[in-house]
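Protein chains: 2
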Amino acid sequence: MDVNASGAWAIGVDVGGTKIEAAQVDATGKIGRMIRRPTEARGGPKAVKTNILSVIKDLLQDAGSPPSGVGIGMAGQIDPKDGSVHFAPNLGWRDEPFQEELARALSLPVFVTNDVRAATWGEWKYGAGQGCEDLLCLFVGTGIGGGAISGGRLLSGCSNSAGEFGHITISQEGRLCQCGNRGCLEALAGGRAIAEQAQEAARMDPSEAAVLLQMSEGQMEKITAQVVAQACRAGDPLACRLMEGVGESLSAGVASLVNALNPCRCLLGGGVIGGTPDLVRRVDEGVRKRALPPATKTLQILPAQLGDLAGVVGSASLAMTRFK
Amino acid sequence: MDVNASGAWAIGVDVGGTKIEAAQVDATGKIGRMIRRPTEARGGPKAVKTNILSVIKDLLQDAGSPPSGVGIGMAGQIDPKDGSVHFAPNLGWRDEPFQEELARALSLPVFVTNDVRAATWGEWKYGAGQGCEDLLCLFVGTGIGGGAISGGRLLSGCSNSAGEFGHITISQEGRLCQCGNRGCLEALAGGRAIAEQAQEAARMDPSEAAVLLQMSEGQMEKITAQVVAQACRAGDPLACRLMEGVGESLSAGVASLVNALNPCRCLLGGGVIGGTPDLVRRVDEGVRKRALPPATKTLQILPAQLGDLAGVVGSASLAMTRFK
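Chains Y and E, in that order, give the protein sequences.
Position 68 (the first sequence) corresponds to 68 in the working numbering; numbering is contiguous.
Position in the second sequence (first residue = 1) + 1000 = the working numbering.
No lab work stands behind these hints: they were computed from the structure.
Don't be surprised by glycine CBs; every beta carbon is placed ideally from N, CA and C.
Just so you know, not all the hints are guaranteed correct.
[Said to hold, decoys possible] Derived Cβ-Cβ restraints for the label pairs, each shown as a range:
#1 Arg94/Y x Gly1151/E: 51 to 61 Å
#2 Arg104/Y x Asp1082/E: 36 to 46 Å
#3 Gly43/Y x Thr1028/E: 21 to 31 Å
#4 Gln305/Y x Glu1196/E: 37 to 47 Å
#5 Leu53/Y x Gln1130/E: 23 to 33 Å
#6 Lys289/Y x Arg1288/E: 28 to 38 Å
#7 Ile1035/E x Glu285/Y: 25 to 35 Å
#8 Asp1082/E x Lys289/Y: 48 to 58 Å
#9 Gly1180/E x Glu221/Y: 51 to 61 Å
#10 Gln305/Y x Thr1028/E: 26 to 36 Å
[What the hints assert, rightly or not] Cross-link-like lysine to any residue pairs, in silico, SDA-like; alpha carbons within 25 Å at most:
#11 Lys297/Y x Pro1080/E
#12 Lys324/Y x Gln130/Y
#13 Lys297/Y x Pro1089/E
#14 Lys1297/E x Lys324/Y
#15 Lys1289/E x Gly180/Y
#16 Lys289/Y x Gly1174/E
#17 Lys297/Y x Arg1182/E
#18 Lys1081/E x Leu292/Y
#19 Lys1289/E x Gln178/Y
#20 Lys1289/E x Leu292/Y
#21 Lys81/Y x Lys1081/E
#22 Lys1324/E x Gly151/Y
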């Protein structure tokens, strides 16, 4: 990116549990230089902060003009007032006044927000959500999260935690979720849940799970959601049954959200959708069966477009919107 | 109401399946003259329209000044652009250009909206939702509906059908709902569902349902949600078990909405809540167990305040907001 010529730009940073992704992003959502670095969450907050700072400094170095600001997306609960990180379970952070610290260290305006909310913003501004004033995004990775635009505004909620779509109950007596509740969408259709259900099936009946076990070097704990998706693509009946259940659970969850929020467009993204793109079609079919006709007649269900970059682009764009 | 002295006022009309309620409402939400009249839905759209028109004319007659406008709340799907009624199942209406017709007949501005959305607005402006920028209302009557205020704005959705909270799935394989889906909140916790579940239990084991049958003159089809609530208050174990299930289903449903939307306040209203006010406490307990701590720590769960009048007051207030 020729940041000298292009005018406004910002740095977007997506802080994941394993890697930090950061990039120069211009006002049209175009990505310039991009850096990936391990998060090193085990090193504690100090190590992670040092890594984030160094990535940002690298991106500042070759830029001709200073950025409007820096946007950071993190999985966690962020204080809407001062951007401090109340709780980021992936990183083991509790009450870190990160936004303020980083702004001081960089002498630049910094905006910290929830990573999935940033990704929703990214898809809305530059991805498959463009031009849509009532948008729902559901990201199905290890866990499930999302975001909603309603009447042209990103919903944040009372304490900045709106969009926890992985924790809507779709099966009152269903599988236990990491959150302690039962039958959450995430506990039935998230990547972790897919792997666990496959491993449970393999434990119950190793012969039925022969293909899954073979694909994971015979080690049950190596059966991941990716392995299940791959096995289903190869026609394995157990894997396909599991993925069918995932499609049905996602349909029930999306139907709930469609009835509650009546979006014009619903985007599905995240690793589980990326691994089985056909899920988008199946959810589309399922939602049209399950949800109310007034809500589905104006609804589009589409794959998200920006992939892993939604968070980086969205964080940068949020910073630009805020600090222009 | 001294409409001469009080300045701005409007007529609010709540068109139910059995009765029309209408009143003069001033800008502070105070109700002046009020009229109730049977809807006579069996007479078809023409009869109902005549009844609505006559109620409004009665309310105009003794008013010293003309109202800002007329607000009409109806159970149904209303076109956001021209207020025509696409579908009102209670009344058997399909594609009635009612807003335009009524405005012409009255020579007054008319605003037609969904009844539950109007009630949400009423509770927000003048009831238990006052001062709350992120509000959720759930009305549990024969069916279940609701509305949400997010960031100080009433959510309407893409085709004006947001707030169908009765049709979020809480039990994927649960009871069949009137909407055709399975395990909707309404199919487990709405008044109709309570009555049906009680009747099913009575059919299965009349001796266990002795109290319920006695309270309904021995006629199974006369076991209503009200009868179940009354029997539970009298200590009947079957009725109390049913109401416990209702509390759990409502908790699961409200927890889903709390996780998704992160409201500051959630109001529970409608006949089922009115008949068993203790449900508010039970849902409060259940939601705090089920939903995520970041979303519940700032949450209040309270009974709605305006009762049957929420729709009338809300419709009038929406008309005043629109036509001031």
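*Quick one, are Lys1289/E and Leu292/Y close enough, alpha carbons at most 25 Å?*
Not satisfied, since the Cα-Cα distance of roughly 30 Å exceeds 25 Å.
*Would you say the C-beta atoms of Asp1082/E and Lys289/Y sit inside 48 to 58 Å of each other?*
30 Å, violated
*asked:* Between the beta carbons of Ile1035/E and Glu285/Y, is the distance compatible with 25 to 35 Å?
replied: 48 Å, violated
*asked:* Holds or violated: the 36 to 46 Å window for the beta-carbon distance between Arg104/Y and Asp1082/E?
replied: The hint (36 to 46 Å, Cβ to Cβ) is violated, given that Arg104/Y and Asp1082/E are roughly 55 Å apart.
_Pair hint Lys297/Y and Arg1182/E, alpha-carbon separation not exceeding 25 Å_ = 20 Å, holds
*Assess, step by step, whether the Cα of Lys1324/E is no farther than 25 Å from the Cα of Gly151/Y, and give holds or violated.*
22 Å, holds
*Confirm or reject the claim that Gln305/Y and Thr1028/E have a C-beta distance inside 26 to 36 Å.*
49 Å, violated
*Lys324/Y paired with Gln130/Y [C-alpha distance capped at 25 Å]*: 21 Å, holds
_Given the hinted pair Lys81/Y and Lys1081/E, is their Cα-Cα distance within 25 Å?_
It is violated: about 37 Å lies between the C-alpha atoms, which goes past 25 Å.
*Starting from Lys297/Y, check that the Cα of Pro1089/E is at most 25 Å away, please.*
Holds, at about 18 Å.
*Has the given pair, Lys1081/E with Leu292/Y, been kept, meaning a C-alpha gap of at most 25 Å?*
20 Å, holds
_Restraint check for Lys1289/E with Gly180/Y, where alpha carbons must lie at most 25 Å apart_ = 8 Å, holds
In the structure shown, a violation is registered for the earlier hints numbered 1, 2, 3, 5, 7, 8, 9, 10, 14, 20, 21, in ascending order.
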